[in-house]
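Number of protein chains: 2
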Amino acid sequence: MNIVIIGAVAAGSKAAAKIKRLLPNASVKIFTQDSHVSYSSCGLPYYIEGNFADYRALLVRTPEEFEASGINVCMNCYVDKILPAQNEILVCTGEKAELVHYDKLIIATGASPRMPNIKGIERYRNIYTLRTVEDGVNIRNKMLQSKRAVIIGSGYIGMELLESFVKNGIHTTVIEKNEKIVPLFDSDMSDIIRDRIENSGYDNFQFLTGELASDLQGEGENARLVITSTGKEIETDMVVFCAGVIPNVDIAREAGIEIGTTGAIKVNKLMRTNIENIYACGDCAEKTHIVSGHPVWIPLGSTANKEGRCAAMNAAGVYCEFDGVLGSTVSRCLKTTMSMTGLTEKEALKVGFTPVSATVTKSDMVGYMPEAGDITLKVVADKITGLLLGGQAVGTVGADKRINALTGALLGHLTVAEFSNNDLTYSPPYSTTIDPLLNAMQILCTKISNRC
Amino acid sequence: MNIVIIGAVAAGSKAAAKIKRLLPNASVKIFTQDSHVSYSSCGLPYYIEGNFADYRALLVRTPEEFEASGINVCMNCYVDKILPAQNEILVCTGEKAELVHYDKLIIATGASPRMPNIKGIERYRNIYTLRTVEDGVNIRNKMLQSKRAVIIGSGYIGMELLESFVKNGIHTTVIEKNEKIVPLFDSDMSDIIRDRIENSGYDNFQFLTGELASDLQGEGENARLVITSTGKEIETDMVVFCAGVIPNVDIAREAGIEIGTTGAIKVNKLMRTNIENIYACGDCAEKTHIVSGHPVWIPLGSTANKEGRCAAMNAAGVYCEFDGVLGSTVSRCLKTTMSMTGLTEKEALKVGFTPVSATVTKSDMVGYMPEAGDITLKVVADKITGLLLGGQAVGTVGADKRINALTGALLGHLTVAEFSNNDLTYSPPYSTTIDPLLNAMQILCTKISNRC
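Protein chains in written order, with the numbering used here: chain G, 1 to 452; chain Z, 1 to 452.
I should point out that these hints are in silico values taken from the structure, not numbers from a laboratory. Owing to the predicted nature of the structure, the values given are computational and were not obtained by experimental measurement. Where hints are given, some of them may not hold.
Same chains, same label: a pair holds when it works inside one copy or across any pair of copies.
SDA-like mimics (lysine to any residue), calculated; alpha carbons at most 25 Å apart, straight line [what the hints assert, rightly or not]:
| no. | residue 1 | residue 2 |
| --- | --- | --- |
| 1 | Lys-447 | Ala-316 |
| 2 | Lys-177 | Leu-212 |
| 3 | Lys-362 | Ser-69 |
| 4 | Lys-335 | Pro-370 |
| 5 | Lys-167 | Val-397 |
| 6 | Lys-362 | Arg-21 |
| 7 | Lys-383 | His-413 |
Could you put together the complete structure from these sequences and hints?
Have a look at this one:
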């Protein structure tokens, strides 16, 4: 049995390790364009911040470890074509091209940073994106010589990088094209996040929202001025584009593999594409949202690991279903934890629910405890069915705890009434007698029915 | 409408406040033997420790606040009899006895500390239990003059008091009659808790397990020596009995109100007793365990609040069901968080399941984060149906997060397979790509079926 895997960050490396455990005698080959394998890209902002000195802490498995377990790793290897009719891929290494046979193929090509359409951007050396280990090392090295930075985009990566820069004393400007930062959240929650971060005690940063980075001006190899769509000019020593990612699906599309409505590779619950013996997993693959039932593309390291495992099992002949995702996320920026799961109110509306929501700001633990702080929770339900749809949380501690508490309820398709008396753990250092999540749920329940 | 409530800590005071909001014109009267109302008894160990200076921080509502909202509070009032045939209770205040009419009666008499059968114990002044605000104030005042203390019982209250004493420099001995501390947990988890606490960096305490406090010897008003069942002698300046509580049901039983198999007052989902117009809630009432379906008695402040609210609604004519509890708890002792929900393995066996479990010890967040520490998680399922039954967690941070994440799944009666790919939030400061809870769940899933 010849197993070929394209890509070796989260999904690809997880799939390789799992398949080798299931089929010790199979030939397992990984091809990656990258010069590192099996690393924690989510950890890059924490490396840049200086939480640990050696970037190698980010490496989960080395190529040598893979080789030692009998997995062949080809780094700096570009897969140019998938040829399903002949069960082969075309691999280019330097000048050399080679056809490699597969019995089962797992596509884990990941995603690439979205780059803006700015004329002449390629001429500058101080423009970065953050995706690979090299990106992280380059950004950290440049940061250490910089006084000012501009981050384009206020998604999670932009926000985490903001924390890294600000804690290193860099004067940082975040430019966000939407009117609100972290636009993944409902706009009322984005306001709360912004307010908390702006009152975090750090003052060496600013948000510019509703603005595009429309031009760059520089001196020689270095961009020195970011010019926004309203004509603002921001001086800087470096620019990092954190404006989202796009799935790497070109070779799959060319091979006749079906691409879903989200632009990622369409797979079934077994992580199989429309072509026999070809699986896709991780950031290049489309997911099903468990709450809406709709196809979504939410590229996350945690999902990539689970999908890689499931794709490997099915490729190895061991039945495994991956039901989908809830869109659960968490991120930290300057003491503020922001977390969500399920559908936001705006997403719920978009997919055809009749959303109703409740938002509370409460102490995250009993007020007499010295560590107590405020947490804001928003919960969303469908007014017609009473079905719980999702939640968003912002706070210093315990925000992600409340969001994780919702995940099982979303998996089980519970109604708000069913959850509103849930037995959450209570003790003064951990919550309040009626947990803030239950406060929110009871208000929401009353908006749906009187029997709450 | 005359509403009478007996008891005014968590359930009683919550019921009073809720009923007054629902029926502003009703007469609402509370009778309590206590000299405080509406306080956080769970906060007493934190007051004793010195987290806040004024015990009044523990008071949620004062009698004056109740009176201002039109609720009549009778403190130091002993209810001697419930007379259902005439819709009256007999109240004793000092020398005076009085019949008080009710249309609806809510019993929230709580629970009392279990006292050991030690001869002559009543003669000593330095023997305490911890239940009321006075208890807390007395223990703190005595602790400030003491060098040594003995705590009898290593349930949550005993463990929290241990933290308070140890942090105040008191040499503390905890005597536990079971072989393992915190016997609520499965014994393997108790071992882990003990190991963590004994390695917490504090050395002014010891556990004596498998020992009863069988005798006390003293000088005059003060017990000075605790003698255990194996003849050990422990010198001490004070003794606190934290050996569990028993529900206060005597007046209910005498009135013909049905007592359940657990010894607490039997109620239906509407919190009604077997007698019309009489409700019971909080620590005096029996609960239904949502996982086993069995009656249980798990007296907790969080449950008391929810039951008080629900009893009030039904008494006021607004339909409300309280489905039951999961037995979710959390406690902290010397940097260790211990938390559980659902059934332990031993409980699962006792109620007729065929339990199978998986235990993992993993980093609670990605290992390269400076704050990372180990967490031990045990998850329990039924081998025959695959149904998830419960979980236990021990760690520095994040233990309660994993337990709360299980609650929704227990409410929804999910199987292990359904939960094993749950979309929990991930980011390096919060968890690992595959959360330790999912690691445990995948091992458990494999023990049940191969399709994991």
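Structure-based check of all given hints:
Taking the closest pair of Cα atoms, Lys-447 and Ala-316 come within 25 Å of each other only across two copies (19 Å); inside a single copy the shortest separation is 49 Å, beyond that limit. For a Cα distance limit of 25 Å, the shortest separation of Lys-177 from Leu-212 inside one copy, 5 Å, qualifies, whereas the shortest one across copies, 69 Å, does not. For the identical chains of this complex, Lys-362 and Ser-69 are inter-copy neighbours only, at 23 Å across copies versus 51 Å inside a copy, given an alpha-carbon limit of 25 Å. When the C-alpha separation of Lys-335 and Pro-370 is checked against a cutoff of 25 Å, the pair qualifies both within a copy, at 17 Å, and between copies, at 15 Å.
Proximity of Lys-167 to Val-397 under the C-alpha cut-off of 25 Å is found in both arrangements, the shortest distances being 19 Å within a copy and 24 Å between copies. In the homo-oligomer, the alpha carbons of Lys-362 and Arg-21 lie at most 25 Å apart only across protomers (21 Å), although the nearest pairing inside one protomer, at 48 Å, exceeds that limit. Taking the shortest alpha-carbon separations for Lys-383 and His-413, both the intra-copy value of 14 Å and the inter-copy value of 24 Å come in at or below 25 Å.
In this structure, none of the earlier numbered hints is contradicted; all agree with it.
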